[in-house]
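Throw the hints in and build the complete structure from the sequences for me.
Line by line, the protein sequences give chains X and L.
Going by the working numbering, the first residue of the first sequence is number 1, and it counts up by one from there.
Going by the working numbering, the first residue of the second sequence is number 1001, and it counts up by one from there.
No wet-lab data here; the hints were simulated from the structure.
Incorrect hints may appear among the rest.
Claimed, not checked - Cross-link-like lysine-lysine pairs, in silico, DSS-like; alpha carbons within 30 Å at most:
hint, chain 1, residue 1, chain 2, residue 2
1, L, K1011, X, K42
2, X, K42, L, K1015
3, L, K1062, L, K1015
4, L, K1110, X, K112
5, X, K42, L, K1110
6, X, K42, L, K1078
7, L, K1110, X, K3
8, L, K1078, L, K1015
9, L, K1110, L, K1015
As the list claims (entries may be wrong) - Partial list, derived from the structure: chain L residues whose beta carbon lies under 7 Å from chain X:
hint, residue
10, A1031
11, F1105
12, H1107
To be verified - One-sided and incomplete, this derived list gives chain X residues near chain L with beta-carbon spacing under 10 Å:
hint, residue
13, F61
14, L88
15, N99
16, I101
Built from N, CA and C at the ideal position, the CB exists for glycine as well.
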Amino acid sequence: QQKVQQSPESLTVSEGAMASLNCTFSDGTSDNFRWYRQHSGKGLEVLVSIFSDGEKEEGRFTAHLNRASLHVSLHIREPQPSDSAVYLCAMSLPMYNNNRIFFGDGTQLVVKP
Amino acid sequence: NAGVIQTPRHKVTGKGQEATLWCEPISGHSAVFWYRQTIVQGLEFLTYFRNQAPIDDSGMPKERFSAQMPNQSHSTLKIQSTQPQDSAVYLCASSFTGPNERLFFGHGTKLSVL
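Rendered as structure tokens:
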């Protein structure tokens, strides 16, 4: 069973409209979640880190975590065409006597001017 | 700060040849990770070093793949007898101390095995 699942697979929004991405996870014991994004041909960059239920804002990016419902979301305020990228949700879990990071398959976001 | 540096950016090998991928982590980071990224599988964990010591290599294919970190400034991922299914983008990441912290990723090495 995949530990982290993202939806939607792809999302197209107009510039300035809120973009909302979702991530569900199968293990509620983690308290370490991050959203990354990857522009085409580039490495991943971290956007928001969240470690407790509630909300965490980093500039135009806001993450909401609800571990009881096994859900973490990312909201992008006033998205711009330069925000077009693949967005990945990541969860850290203890495994193999260390912590393993599990990534979702990503959401392809397209922001139209 | 140049970030995590991976070389080469692109590598093309013939089936059966060896491929070595290089990674230079951010100075001061003690944890180095290798991931493989394909469209089908997404991001797959391969291996993880802390203070140059291998901590978790449970994601490494048992044959043909090996990783080393001979010093704190670079790590290598070696694939022997490359196969077409090894074609992927190989991403290296580093963090200050380990997986619970944000990872800084390199741009990746795109390996194409013909």
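Next item on the list: Return the numbers of the hints above that this structure violates; sort them in rising order.
Entry: Of the numbered hints, 10 and 13 do not hold.
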